[in-house]
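Chemist: Residue numbers (my numbering), protein chains in the order written: chain A, 107 to 250; chain B, 178 to 580; chain C, -13 to 235.
In case anyone wonders, no lab produced these hints; they're calculated from the structure. Incorrect hints may have been included.
[What the hints assert, rightly or not] Estimated spans, in silico, between C-beta atoms of each pair:
1) A:Glu135 to C:Thr152: 26 to 36 Å
2) B:Ala201 to A:Glu135: 46 to 56 Å
3) C:Glu30 to B:Val431: 50 to 60 Å
4) A:Glu135 to C:Asp203: 39 to 49 Å
[What the hints assert, rightly or not] Just some of the chain A residues that point at chain C, by a computed CB distance under 10 Å:
5) Arg156
6) Ile174
7) Thr176
8) Lys182
9) Glu186
10) His208
11) Lys214
12) Cys217
13) Trp218
14) Thr223
Quantities reported herein were computed from a predicted structural model and do not represent experimental measurements. Ideal placement from N, C-alpha and C gives every residue a C-beta, glycine not left out.
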Amino acid sequence: MREIIRAWGLTALLAGLLLAPAGVMAGVEKPVLERGKGERCVEDTEYMRRYHMQLLKHHRDDTMRRGIRTTKHSLKGCVECHASSKTGSVASSKEDFCMACHVYASVKLDCWDCHATKPMKKTTPAAMPRLSPLTVGLPGGQQP
Amino acid sequence: MLSQQYCLEARECKPALFWTLMGAGGLVLLGTLYAFFTLEHHGHVLTGMDNQIVWGLPHVFAVFLIVAASGVLNVASIGSVFGKRLYKARAPLSGLLAIAMLAGGLAVLVLDLGRPERLIVAMTHYNFKSIFALNMIFYTGFFAIVGLYLITLMDRSLNPWSKPMGMLAFLWRIALTTATGSIFGFIVARAGFNSALYAPLFVIYSFAYGLAVFIVVQSVMYKWNEIQVDPRILARLKNLLAIFVAASLYFTAVLHLTNLYYAKQWEFERFILLEGGIYPLLFWGGQVFLGGILPLILIFSPISRHPATVFLAALLVVLGGHFQMYVTIIGGQAFPLDLFPGYAESSTFYDGVVHPYTPTIWELLLGLGGIAIAFLITTAAVRVLRFMPQDDLKELELELKPH
Amino acid sequence: MSDLQQKPVNEERRTLLKAGAVATGTALAPGVLLFGAAQARAPEEPASDKVRWGMIIDVNKCADGCNDCVTACNEENGLSGATGPQDSQWIRKLNIRHLKTGVETSLPMLCVHCEHPPCVDVCPTGASMKRADGIVLVDRHICIGCRYCMMACPYKARSFVHEPLTDQNPEVPRGKGCVESCTFCVQKVDRGENTTACVEACNAAGHKAMIFGDMNDPTSEIAQILKTQKTTEIRADLGLNTGVRYQGI
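Produce the complete structure using the sequences and hints provided.
Modeler: Rendered as structure tokens:
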């Protein structure tokens, strides 16, 4: 009797292990990303999907350790374009640009422990002409 | 399965006791993990550590374990390198304790990091000018060398290798403790550290703490297995402990006497030896009296033939070691930096004032985790392999005869 | 001071400069911008070891009770300004009183950006680093939060971030579990402004006690002072060759 129970148990376990990923795949929808501002990304979408981490890491070391401040592959640039129109951030909700994929792929991000998830300005870009220096506010928005 | 266990008789295996011990150790470790995840989530804001006292109670436990880990290996070294049978019989337990305690100590250090998930970074990015980075190499190497050494000790066919391996392990552990002491010795900024003496000081401390831990563990193992230890063996061990404890006191005295000769160090010495509140109390009462003088009195008293007395003396040395680490690590930070000699300083950043430190339960839990890890590794290993020191009394007879 | 607070931000300023809209910029922050424009390096150009950024603080000009440099630093770098034992302080006002004469002096204390920084020596991973132009920084990407640099710093210049942070200044990333300290406002320096928030605030308050510049550039004000006047390094006995020097102590 015991043997039979064991055999069934084992079969059920194996079946569960086999079916689990299928269930996950079936149950979760692929992330839908909001289109970034501007005409196109700094690199092709396919390229960015695969290599954004390498680009960011390379740029991070260049900027941090050598003081190279080009904007093409800077994280700040990503945030400028990809901040959500709803939350104004790239990572404050699960639908925001970074989180949408990273939650789907279960890859933890620690960029946002230190980096700001929102662009420089507090007000919406539409309300603020980008080139007028008179309207540029202080990041904290506070005056002492 | 039961027959595989290395107790002398099956009824002495005491499985209930074994699982109780493992359970108790596991519970402490569970508490440690809870503290770790809590701190990981909320940050170090929950601890008593701050921008003034940057290393706290966890480091007291961790550094003690690391220093004692290298010291406990001495027992094996005396056996292998100097060929003493009494110590050879104890070499496997000594090696095991060394690995277990180092693992415990390092675990605490890692759990206390601000970014513990970046341990891999610490293993892939090295700044070789940092004594900390060198220590990581010494620690990793220590595991490997002592592990191999243990194999040569326990596998009869590899026994001939135990002498060179023992030699290597001995040299490695001296280098390791030198580097551990240098963590403090190389801090040029602070009055309490910044002394080359820290390297030999920590080496001699490690001799005392390591042997003391060994005696404590051996006593407990013998007690549980109802083995009577030969009084002559006990006498050897306790005399050696006395030499190490006395040497520790001597080096401590030299450190402070040197400082007392330098005018710029007077303020610090006044703080740590006389006026610093808890620190002089822990120094004189804890480190010097409980951890030094009292054990010496016990060891040389008429009642020292009794195993319980030696056990107590060794336990006091272990306790004193924790006091010493507290005084060294936290006392060294509590004394403020003197940026402008000859001036009184004050600021919003606590310049010029003695820095208070009150550890919280989280720090205690982290620290105890190191002991729990060392305890669990030892208890489990002793259960499955032959680590119990067993003396061949006939051979000992020859060695212990007065020459 | 509030005039000066109207700092344009990175992208905007750069675009402005490129477009040649100097007039607008001049109206905003006159001397600074013109001076900066003369020395700015291109964004793709790494920091050069021909430059060594430094600061001279004249404590006789530093006003007792004035805290403007501290406030400006907090503002620029997104620090809360709280002064509990676990809060970050990148710059602080230090009051010192001579034990014999009783003479009191007030001065700002910050990371002195040593030529031979002990924090860089002791850092196990190389997170604590000195940039080619002499600015000492923490690379938070590889900082493991061991805090050995805080033990090693003779100036108590470093802080550990004890709590999770949000809403950081995009130009000054900082977060829980890493050590941090004054960066000489590296974001401003790299923009070519060649000044720091504390110096700007001190000038705006009219004290002009702090001077920032390239110690290696013989034409710079700081190099001139170093050449002709006596300056003091704090804890000169350690031989660290600090980038921040004092006058009047």
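Chemist: So, for every hint listed, does it hold in this structure?
Modeler: Verification of the supplied hints:
no.: 1; hint: A:Glu135 to C:Thr152: 26 to 36 Å; verdict: holds (29 Å)
no.: 2; hint: B:Ala201 to A:Glu135: 46 to 56 Å; verdict: holds (48 Å)
no.: 3; hint: C:Glu30 to B:Val431: 50 to 60 Å; verdict: holds (57 Å)
no.: 4; hint: A:Glu135 to C:Asp203: 39 to 49 Å; verdict: violated (59 Å)
no.: 5; hint: Arg156; verdict: violated (21 Å)
no.: 6; hint: Ile174; verdict: holds (5 Å)
no.: 7; hint: Thr176; verdict: holds (5 Å)
no.: 8; hint: Lys182; verdict: holds (6 Å)
no.: 9; hint: Glu186; verdict: holds (8 Å)
no.: 10; hint: His208; verdict: violated (17 Å)
no.: 11; hint: Lys214; verdict: violated (14 Å)
no.: 12; hint: Cys217; verdict: holds (9 Å)
no.: 13; hint: Trp218; verdict: holds (8 Å)
no.: 14; hint: Thr223; verdict: holds (8 Å)
In this structure, the hints that do not hold are numbers 4, 5, 10 and 11, in rising order.
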